[in-house]
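Visitor: Whenever a hint applies, use it, and build me the whole structure from the sequences.
In case you want the letters, here they are:
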Amino acid sequence: MDLRLSESDEAFRAELRDWLARTLPELPTEPARDDWPARVRYDTDWQRRLFDAGYAGMSWPKEYGGRDAPPSEQLVFLEETTRAKAPYVGVNFVGTLHAGPTLIAEGSDPQRAQHLPRILRGDEVWCQCFSEPGAGSDLAGLRTRAVRDGNDYVVTGQKIWCSFGHVGEYGELLVRTDPDAPKHRGISWLILEMDRPGIEVRPIETLLGSSEFCEVFLDEVRVPVENRVGAENDGWRVTNVTLSFERGTAFVSEMVDARQLAEELRPLTAEPADRRELGRVLAALDALWALTVRNVTQASRGVVGPGALMFKLAYSEARDRLGELSMRLLGRGAFDVHDERVEERLRTLSIPIAAGTSQIQRNIIGERLLGLPREKSWE
Amino acid sequence: MNFDLSDDQVALRDGIRKLCEGRFDMARVRRGFDRSVFAELAETGVFSARADGFAWADVSIMFQELGRALVPGPLTWSHLAHGRVDGVVGGVERPRGGEPAYLEQIDVLDALVVLDRDGVEVVAPSALADSIELDWPLDPLTPVRRITALPAGERVGDAGLARTWRRGGALLTAAYQAGMAQACVERATAYGLERHQFGRPVGSFQAVKHLLADMAVQAEVARTAVDAAACVLDDPETGDVDRAVSGAKVLAGDAALANAKGSLQVHGGMGFTWEVDVHLYLKRSWVLNATFGSPTAHAEALAR
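As you go down the protein sequences, you meet chains U and X in turn.
Just add 1493 to the spot in the first sequence (first one is 1) and you have the working numbering.
Just add 9 to the spot in the second sequence (first one is 1) and you have the working numbering.
Please keep in mind that the hints were generated in silico from the structure rather than gathered at the bench.
Everything numeric in this text was worked out from a predicted model, so none of it was measured.
Idealized CB from N, CA, C, for every residue including glycine.
Please note that a few of the clues may not be correct.
[Stated by the list, open to error] Derived contacts from chain X toward chain U, CB cut-off under 10 angstroms, selection only:
(1) I70
(2) G96
(3) V194
(4) A234
(5) D243
(6) D244
(7) G256
(8) A257
(9) A312
Guide: Dropping the structure here:
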């Protein structure tokens, strides 16, 4: 057990640093937060540069154009790009980290051939249409209906919290194809072309005043059966396959940012109580970095340890403490959201909610790791 | 990247766990520390481990297991002093400004080491005749004597040695506490499965399940921090030693205390009894949080 990187990981770091030092100064100015056409251009331009340099699809298999990098190299990649303040994955998020991996695992050859190269090059933007107003934590309770009509499904329903819904050209769409089956067994996974008739997209204004999420209304939208990924009614399994792609690296950029923010608070802590709280936050973030390294180590060996299931809950709490400490230390200086620390406090309020609330995380830890029985079902 | 227990370390962990299960069950632990405990641990190599070529990471794994089983005694001090002061060694930080000193396990010690600003001294237990035994010590497994004026001893090490021992002591105490925190998760989970109310195991209720989940996370994060600190101590180029050790002491100290209290809550009324072991973990966590620097003191050091 040690904290050293291998020589090849260090060599990769050096080469990547070199490339970042050459490339970042060439980038155009970052667009305004809500100038979505400009953001799409900026983010996809970055994706194209990554692709040309061989850094696109770090975790993707080589046969689909990826780098097939070991988890430790993926960690170094995320650590270095975040530290260098390179652009985030941005609008490429769903395509490169979710839809692409799903197609690799479960898509047909024509589906892969059509989408994977374009996603990697930044030619295609995806959005996610999973949650519904009545299906959040209980995602499998989704009710958007898809009725077979010849070679099409006819889809009617409503989706919410669709990341990048207004700029996505394709959507990952979960629909109910068998209303009579038990809820996990009647779901299918479809590729939705977002320009089909009957689709209406309305941005949601978040508490930041920005709009990366949308509502999507579907009114008898015709989706070809060939757009289905995996078998009919097997969509729940298809959805969960993607999760295994993260290999412990999902929060690396977040962690690098959080540690940097915490370091920047040091000079502001005059009161002993604030110093102690900062000390506890630093200790927690250091430990969570070590836990990331441990999770990545285990992922390289194909092991999913307890830390992988625990990470998100622990990170949510540490990040909340960091956010509250920032607000306390900034005092009236926090009235201006242009201060990055204030914007971060607001943005990170979503972390304990998105992708499995902290309450759902505790159920998972209690039931899968500790072996406690499920609570009585109300259904 | 290799930040996980090696096969040898897994075997070491399992070996110490088996030893504790076989030789140090709760009935024996409740009888407290004596020379037979010391002799068995010495034979296993707990005190000589680093002299025998084991790394801090290995010793930390041993202490995590000893803490999980709540094996009593001045184990950390005896490990630190090995090779310099022989036998059963206890220790204390010299109090400042004429405050009384609280000395643990004096009646079984061969020597007491005292750390101060200038270094390390050794005091013979026979020089502590003025001390008074507490008839109601906080932790029943940590007998304590109070002495108004701790006598001067023979100097055996300089300020550098005192710093090294404080660092090693904080790490091993944190390791012990991380093991305690994990034991509290295991014991409380077992009780949550066994205890039924409203016709169901209480651990099936989310109010209890979520408390147990939080305890499990705290224990795992603490264990990770301890492992990382031990690795940095073994290979200082991979981090900042003082920062890593303080972080471990903060997280393991907080986890041991929070999980002992959580375990008490899950055990309900039984947790408030002398018979159930929960209070022994809780009381030890307070004792250890006042040893080799409190979590608060280490947190403050981290922010400096």
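Visitor: Look at each hint and say if it fits the structure.
Guide: Do the hints match the structure? See the list:
1. With its C-beta approaching chain U no nearer than about 9 angstroms, I70 of chain X sits inside the 10 angstroms limit, and its interface hint holds.
2. For the restraint placing G96 of chain X at the interface with chain U, the shortest Cβ-Cβ distance is roughly 31 angstroms, beyond the 10 angstroms limit, so the hint is violated.
3. A cut of 10 angstroms between beta carbons decides the hint on V194 of chain X: the least distance to chain U is about 8 angstroms, and the hint holds.
4. Checking A234 of chain X against chain U by beta carbon gives a least distance of about 4 angstroms; that is within 10 angstroms, so the hint holds.
5. Taking 10 angstroms as the C-beta contact cut-off toward chain U, the hint placing D243 of chain X at the interface holds, the least distance being around 7 angstroms.
6. A distance limit of 10 angstroms between C-beta atoms decides the matter here; for D244 of chain X the minimum to chain U is near 6 angstroms, and the interface restraint holds.
7. Because the smallest distance between the Cβ of G256 of chain X and any Cβ of chain U comes to about 4 angstroms, under 10 angstroms, the interface hint for this residue holds.
8. Satisfaction of the interface hint for A257 of chain X is found here, the shortest Cβ-Cβ separation to chain U being roughly 8 angstroms, below the 10 angstroms cut-off.
9. Given the 10 angstroms rule on beta carbons, the hint for A312 of chain X holds: about 4 angstroms separates it from the nearest Cβ of chain U.
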